[in-house]
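Residues per chain are reported as follows:
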Amino acid sequence: MLSIRNFSKSYKGGKKAVDSLNLDINSGDIFGFIGHNGAGKTTTIRAIVGVLDFEEGDILIDGVSIKKDPVSCKRITAYIPDNPDLYDHLTGIGYLNFIADIYEVDKDEREKSIVKYAEALELTANLGDSISSYSHGMKQKLAIISALIHKPKLLVLDEPFVGLDPKATLTLRNIMVELCNSGSAIFFSTHVLLVAEKLCNKIGIIKDGRLVAYGPTQEVKGDSSLEDVFMELIETDK
Amino acid sequence: MKKVIRLVGVQLWAILGSMFALGQQKKRKSNSLYLGFAALAILLSGLSFFYAYIAGMGLRVFNSIDLLPTLFMSLTSVILLFTTVYKIKGTLFGFKDYDMVMSLPVSNSQIVASRLILLYSINIVFVLIIMIPMMLAYGILAQPGIQFYVFSILTLFFIPLIPIIIAAIIGTILTYLTMRFRYSNIVYIVFVFLLLIGMMVFPYLLGDSNEALVEISQEINNQVSNIYPMSQYYSKAVIEGDIVSLIIFMLASLLAFSAFSLLLGKVFKRINSVLMTGRYRRKGQTRLKSSKSSSPLKALYKKELKRYFASVVYVMNTGFGVVIMVLGAIALPFIDINTMTGEMNITGAVKDLIPIFVVFCIATSSTTMASISIEGKHFWIAKSLPVSELMIFKSKILVNFTILAPVLFATLLICFTMELPFIDSLLILLLAASFSVFVSIYGLVINLSFPSLIWTNETVIVKQSTSSMISIFTSIGMVAIQYLLIMVTGDMKKSILLFLVLIWVINLILYKRLSTRGIRQFKDINC
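Note that the protein sequences, when read in sequence, are chains A and B. The numbering of the first sequence is our numbering, which starts it at 585 and goes up by one. The numbering of the second sequence is our numbering, which starts it at 594 and goes up by one.
So here's chain A without its partners, still in its complex pose (with noise of 0.2 Å):
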């Protein structure tokens, strides 16, 4: 579903943020991304869903090069970003009604998918408020509403579970499951080891740009935990 293939991104001044990265996300698979602050995790999540232009490399979604037809990839991929700013000027369900438009999403399909994910994460009620009026976490939960409206291939997810509450990040956890049993893939990077060891099926760990372990959970971390693993990475070669 998901393959990069040398992708590397300089910024200015020639520091490259992602050295040479190549990686393969098949459908159904959760795979956590994992790595120390500016290690180069929002850097690929970035490419990957097409914001961010680069030279270097490749990245295939589900065959397709996103940088040659950008605009197919993205129809079958769902980003939620680190910080969700979403349009201010709209309510929640504006803005969810925006996206499905864009996405071409029939109003049944919209309907029930809305139905769904507003009551799992508890944000009905307030779908009818100005999204300047909600909190952090609330504006979390209508990015994930928005990004599984169209039932993506792909789901690409920056450190989705900070702001959530216990139950959304539950639900959150439960939904991703679902959405990868049903044959899409999810691409996730997160600071939470516990969950990334007990979520995924394949791990990634980048260190100033460079991929230092990659394959199945089981595999990566071997009869250690995850937490271990990845202390004993980042202090090499420190």
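A couple of the hints might just be wrong.
Derived PhoX-like pairs: lysine-lysine, alpha-carbon spacing no greater than 20 Å straight-line [stated by the list, open to error]:
hint, chain 1, residue 1, chain 2, residue 2
1, B, K944, B, K1087
2, B, K1087, B, K970
3, A, K723, B, K689
4, A, K782, A, K805
5, A, K700, A, K735
6, B, K891, A, K691
7, A, K691, B, K895
8, A, K652, B, K1116
9, A, K737, A, K652
10, A, K696, A, K737
11, B, K899, B, K689
12, A, K723, B, K899
13, B, K862, B, K596
14, A, K651, B, K1116
15, B, K891, B, K987
16, B, K970, B, K899
17, A, K596, B, K862
18, A, K723, B, K596
19, A, K723, A, K751
Quick caveat, the hints were computed from the structure, so don't treat them as lab data.
Given chain A, work out where chain B should sit, using these hints.
Only chain B this time, still in chain A's reference frame:
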């Protein structure tokens, strides 16, 4: 006071950063921008000197040259009042960094003072550009003593204070009254429009347009003195060298400023809290079934339109020309041009100026010049949507067309009222439509070249950013070209035809650029 200065410093730096898109431009481009702004300031100062000198010459003939400083001071104050009223919402209320600023250990009054000083800092530049050239012109024409220069320079920095306070009082009252409405922004916009139009029409209802320049000036001075007594003290201080008046002028300005900061500090938090949290929002279950589906382009268009009307500053800056034109067109059948122009018999000349008036109103109504920058921190959404860049551009251009649509109606009405021949009316209508296309595409092309997504105040993006400045001044430059064509050809039809050819060549080039380089620029914008 130190805290207030620090707050102003941070906010000013943020404004300058948004104006010049600091950190988002290459150094060479930034240097060209600084030079461009300096050249613009010099040009405006030159224009101000020119107008002051011409007005001064006229006044000197009637031995009334001493009216010039007060006239310019009053005019500056009125313009400041006009241009500050609609900035109050966005600068004093509902500003982006409210949470951050309010969490700091400073009092509400200090925050209010810092926001007012911010408005002052923006306005003082305008005051200097208008008043210093006037001082020079008056100096040349009236040969005053050194006291005039000393007192003028001393008062210069106090001129904006009271107009800002009056604007802030009006803006606060309007914000307070409208915050209870569900569509408070729209209600606020309508109120501000009505107020500004009322302020524009009021003097005409009192005055007689056939008076000579000196009588008009004297009349304006008297009226302004009645409405705005501070101008009397200014006049006595600067012209007569009255120290008491000078002290009253400066002290009253400072006192009004401090008193207002203290008073507004009491309700500042309450008003902002309501604006931020939407206290009067609808309660209860949302009716999901009522939602209608739209095509992606229509959805983008609706979203853009809602964004536009969500910003008072955006609407006021780009919609004022359209509103004036529509109201003017509606009022025209009730105005007798022949009586108004008296024996001068200039009805023909007035007819020739219709195309200029139309293109001028359109030139000031570009919404696209800020439509990329206004996305700000939400820009990631546009970039992650499964739609082509060109579709996003089209939605922004369509919004500009929508805002400009009433201009076509007004143009038709004007042509009909002025009894223009069918061909002339058709040409003017074509001119309006074609120039609307130019203004909409050009604004977007320029904003893609000079985007500024990091901002805390919408006013800077809409009014003072590099993109809006270039867009507005180029569009006004096009109006000047249209005027020159009328002058050179001496024939309205010929001049419009030539202008239409020129504008469509430019439109095609701009569209080509938008669909090639524009797309690349859109992709390159970091968010």
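Taking the hints in turn, this is what the structure says about them:
{"no.": "1", "hint": "B:K944 / B:K1087", "verdict": "holds, 15 Å"}
{"no.": "2", "hint": "B:K1087 / B:K970", "verdict": "violated, 47 Å"}
{"no.": "3", "hint": "A:K723 / B:K689", "verdict": "holds, 17 Å"}
{"no.": "4", "hint": "A:K782 / A:K805", "verdict": "holds, 12 Å"}
{"no.": "5", "hint": "A:K700 / A:K735", "verdict": "holds, 13 Å"}
{"no.": "6", "hint": "B:K891 / A:K691", "verdict": "holds, 15 Å"}
{"no.": "7", "hint": "A:K691 / B:K895", "verdict": "holds, 17 Å"}
{"no.": "8", "hint": "A:K652 / B:K1116", "verdict": "holds, 13 Å"}
{"no.": "9", "hint": "A:K737 / A:K652", "verdict": "holds, 19 Å"}
{"no.": "10", "hint": "A:K696 / A:K737", "verdict": "holds, 18 Å"}
{"no.": "11", "hint": "B:K899 / B:K689", "verdict": "holds, 18 Å"}
{"no.": "12", "hint": "A:K723 / B:K899", "verdict": "holds, 19 Å"}
{"no.": "13", "hint": "B:K862 / B:K596", "verdict": "holds, 18 Å"}
{"no.": "14", "hint": "A:K651 / B:K1116", "verdict": "holds, 11 Å"}
{"no.": "15", "hint": "B:K891 / B:K987", "verdict": "holds, 10 Å"}
{"no.": "16", "hint": "B:K970 / B:K899", "verdict": "holds, 17 Å"}
{"no.": "17", "hint": "A:K596 / B:K862", "verdict": "violated, 41 Å"}
{"no.": "18", "hint": "A:K723 / B:K596", "verdict": "violated, 33 Å"}
{"no.": "19", "hint": "A:K723 / A:K751", "verdict": "holds, 16 Å"}
This entry does not satisfy hints 2, 17 and 18, going by the numbered hints stated previously.
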